[in-house]
Amino acid sequence: MKSVDIVIVGGGPAGLAAAVAAKEAGNDSILILERDNELGGILNQCIHNGFGLHTFKEELTGPEYAYRFIKQVLDLGIEYKLHTMVMDIAPDKTVTAMNREDGMFQIKAKAVILAMGCRERPRGALNIPGYRPAGIFSAGTAQRLVNIEGYMPGREVVILGSGDIGLIMARRMTLEGAKVKVVAELLPYSGGLKRNIVQCLDDYGIPLKLSHTVVDIEGKEHVTAVTIAEVGPDRKPIPGTEERYTCDTLLLSCGLIPENELSRSAGVKMSPVTSGPIVNESLETNIPGVFACGNVLHVHDLVDYVSEEAKRAGQNAVKYINDGCKDADTSDVIDIVATEGARYTVPTTINVDRMDDLLTVRFRVGDVYKNSFVSVYFDDERIMHNQKRIMAPGEMEQVILRKSQLQEHKGLKKITVKIEAE
Amino acid sequence: MTDVIIIGAGVSGSAVARELSKYDISTCVLEKCEDVCEGTSKANSAIVHAGFDAEEGSLMAKLNVRGNEMMDQLSKDLDIPFKRNGSMVVCVHKDALDGLKELYDRGVANGVKGLKILSREEALEMEPNLSDNVEGALYAPTGGIICPFELTIAMAENANMNGVEFRFNTEVEDIKKGDDGFWHIRTNNGEYVSRYVVNAAGVYADKIHNMVSADKMHIIERRGDYCLLDKEVGGYVSHTIFPQPTKYGKGVLVTPTVHGNLLVGPTAIDIENKEGTATTAMGLNEVTAKASENVKNLPMRNVITSFAGLRAHLERHEFVIEEVKDAPCFIDVAGIESPGLSASPAIGEMVGNMLKEKMGLKEKADWIGTRKGVIKTEGLSIEERNELIKKNPAYGTIVCRCESVTEGEILDAIHRPLGARSLDGVKRRTRAGMGRCQAGFCSPRTMEILHRELGIPYEKITKSGGNSAIVLERTKGEVSMS
Amino acid sequence: MEIKELTCIGCPMGCQLTVTLENGEVTEVKGNTCQKGDIYARKEVTNPTRIVTSTVRITGGDKERVCVKTASDIPKDKIFEVMKDIDAAVVAAPAHIGDVLVKDVAGTGVDVIATRNVEKV
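Taken in order, these protein sequences are the chains called V, Z and B.
Take the first sequence: its letter number 258 is residue 258 in my numbering, and every next letter is one higher.
Take the second sequence: its letter number 190 is residue 190 in my numbering, and every next letter is one higher.
Take the third sequence: its letter number 37 is residue 37 in my numbering, and every next letter is one higher.
Because the hints were derived from the structure by calculation, they are not lab data.
Given the structure is predicted, the values throughout are model-derived calculations rather than measurements.
Mixed in with the good hints, there may be bad ones.
Said to hold, decoys possible - Taking lysine to aspartate or glutamate and the EDC-like style, the derived pairs with C-alpha atoms no more than 16 Å apart in a straight line are: (1) V:Lys220 - Z:Glu34; (2) Z:Lys391 - V:Glu101; (3) Z:Lys231 - V:Glu261; (4) Z:Lys101 - Z:Glu34; (5) V:Lys413 - V:Asp329.
Said to hold, decoys possible - Just the calculated beta-carbon pair ranges, DEER-fashion: (6) Z:Arg301 - V:Tyr189: 52 to 58 Å; (7) V:Pro207 - Z:Ile382: 41 to 47 Å; (8) B:Glu5 - V:Arg402: 21 to 27 Å; (9) V:Lys370 - Z:Glu453: 37 to 43 Å.
Note that the Cβ used here is the ideal one computed from N, Cα and C, for glycine as well.
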């Protein structure tokens, strides 16, 4: 069996950044396994601009952002395999993968970095009643068809869900000559960026109907009309508020789910909130030497944060190998707990000895909060209390912990992150 | 001019076709859709019923029990998955316990083997997720689960291998007895002439019957809504869990599928619409509510899709398999609602025997009763996979990640007899697109394969034939060749 | 006097801004809760611009469409004219990131450039 120090599962933004960081940290035995026919992952179909303001201080399109990292991977001579599907990751870090040329093969890795990304919630999971005709797409599938394959799904479009992909596709379809009739959003607020609402919907006069959902799909063979209705606080449709839109296409942008089948079968413990692995300060899962980063860990709002997180995963994988592949010491672990408005944190545990001088703890809030405080408690003592003008579920929040600060609090057991009104 | 025309390529029509392929006659199947298994056969509970439910002495009872018996051998011959997981009828009201005994007695009279009445404790031991209210259950070890697509496709394929022709996208518009004494069948694709006609048109069987008979038939479309749950919870129950039956049928069941999902449904809503396969919010809510009476804490957040099917219900609630009195040489196979899937091999056998006798048919010497299905790579060892990949590298490319389907399997599905021509055709033969992402990932890839292998332009690739094209046109138009 | 309503895109607050113009000059911005809103409003009502991204037909390459963007902002009211030129363009492979595929699109003085590599086959 072939041996490699670090196997990276997925050649999207997370996998690429992790690979570059691992190589730069001094490891020369890295292999990226990518199932698609090119590196770059989902960024290749995100041809709109707005990526990279944090990382590169300029606005790039998705493919340009991806290429900045692809070029580094190529220049650094990092090995990768395309068209290669990872079929299994065993708890002992034997990775089983398959492609046309090599057949099915196994690689023994010292460390594995999970960077598989996420997928879209399909129609079925939304339980929308009606027929099941052609013409219903998840927004990302439509995005691939339009931007990469060069095919238009239809001419008259209704979009359910105001996540960023849905908003971006509203503009894309409009620019390609389609009529986007309405964007319906189940929640009373949009999960998308304000900028996207203005520049993808308002610019083109596309109405956004908050607290609305699809209640019927017509057309036995192909979509012919969609009915939306307002929902009450219980998110159930209110009878009498139905509006029917004739259309030939229904796009769904109703949330992303980290793609963790491989992680689960490897025995990685999952967070029920993020649907991603539970990780420690090193982004290491409960299986020593298995790290996770990017959207497989938790769904990010900006790819810049993915790259940053993945860089840490790559560096930590090298550190793990250089330290002799020892299991993390779990005796002196501090738990990070998200509560009262904070839905989760990544990571969820800290070993102070292993942490860097600064540790970014990322989280999301469960509702829209105005002029509220992000508070951090060390056991019962509040040590951070930062006011934010606005926090919304669509955007990731963060607090930064200093190592020295944690070292000063001897015997610290629990760090709590919460949202407080005052 | 053919000896027999079969109208409808559902499970009944395909079973009849396979039976008739044993004989030295010409048989042709006319199907209005673009593939086999497009109507009731594709949207049902996927159950091989034990046979305790149908009325003693009825054709339903007889053919159900016989079909159930035939299924072991048939599934081996046709290389399709079939599992006798056993079924349980759950009683949740003390005063309804007598009903279980009644079912038990009926089952024994119908010839169902191995029936047993279970106490509350025995039932809970076998199925820990049954409702806390369970009072007892009827256990039928011969109940089973099967893939209705694969059963129908396999029988049709096997018939086709043995010479039966299939005409898809061919809708029967009128049938007349000609002066020549033969049936003249007008379709949207020209006229067909045949000595015999078998009407296996599912919910349209009344319309077809009424073209030739003065004794009018009326089929009521009884819609059933279902929810299909992720494989993650496929083991939530291991037996097929039925409520006690009512006059509307066997009720909302909870069952593992033969491919490892969990299936919950159906409702029973009488509609008068032969194409009315739209689910409703009310129907889907009812599925959850009713199923929850028998199984507790159903993991409905794991639903990956919902769908509805139509049962071809006749007022008399009995299979009608007979020569039409005022239309000699015209055989109805009508009112094939549950347990039609279970009974289908026996329906085929019965019609085959009827025609054998009437027409004095002779068996072919070279009939091949077996067929190999699409090689499924999931679960194969590394060595087995590499063997396949060596022969055809396409087995090394995963197209559908959720169900782990390779390009090799899709090519097989496309290029076999009665091969797939649409996304649904590929899906039903390989399961590509059947998983938790519901084809979001694989559909562009499957389209590319269909385009490449069959030369179908992208704009003409459909979900399931007809007007179900996936994409409309190229962005910005084609580059002109001038 | 002219009054324009818009939504600030500076942050998730999405302040509803009311801008008063006189003879094309901004005289007042209301509704903003920070400086960002004021700057945004003044630019957006006097000279709104956008980057346009799309795809261009490409022949002889390993893809049939190459994705593109305007090399810099173009006036918002020119978006559809820009799209018309982008839709009409056909280029031959190869194309590399930054290559100019449409010069001076819709008379804006801005070029349309490739945002990915498409190699010749």
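A quick look at each hint next to the structure:
1. The hinted pair formed by Lys220 of chain V and Glu34 of chain Z meets the criterion: a straight-line CA distance of about 14 Å does not exceed 16 Å.
2. For a cut-off of 16 Å, the pair hint linking Lys391 of chain Z to Glu101 of chain V stands: about 12 Å separates their Cα positions.
3. Annotation: proposed proximity of Lys231 of chain Z to Glu261 of chain V holds, straight-line Cα distance about 11 Å (limit 16 Å).
4. Pair hint Lys101 of chain Z plus Glu34 of chain Z does not hold up; C-alpha atoms about 46 Å apart against a cutoff of 16 Å.
5. Restraint check for Lys413 of chain V and Asp329 of chain V: the C-alpha separation of about 15 Å stays at or below 16 Å, so the hint holds.
6. In this structure the supplied range 52 to 58 Å is violated for Arg301 of chain Z paired with Tyr189 of chain V, their Cβ-Cβ distance being about 22 Å.
7. With their beta carbons about 54 Å apart, Pro207 of chain V and Ile382 of chain Z fall outside the hinted range of 41 to 47 Å.
8. Checked against the hint of 21 to 27 Å, the pair Glu5 of chain B and Arg402 of chain V fails, with Cβ atoms roughly 44 Å apart.
9. With their beta carbons about 57 Å apart, Lys370 of chain V and Glu453 of chain Z fall outside the hinted range of 37 to 43 Å.
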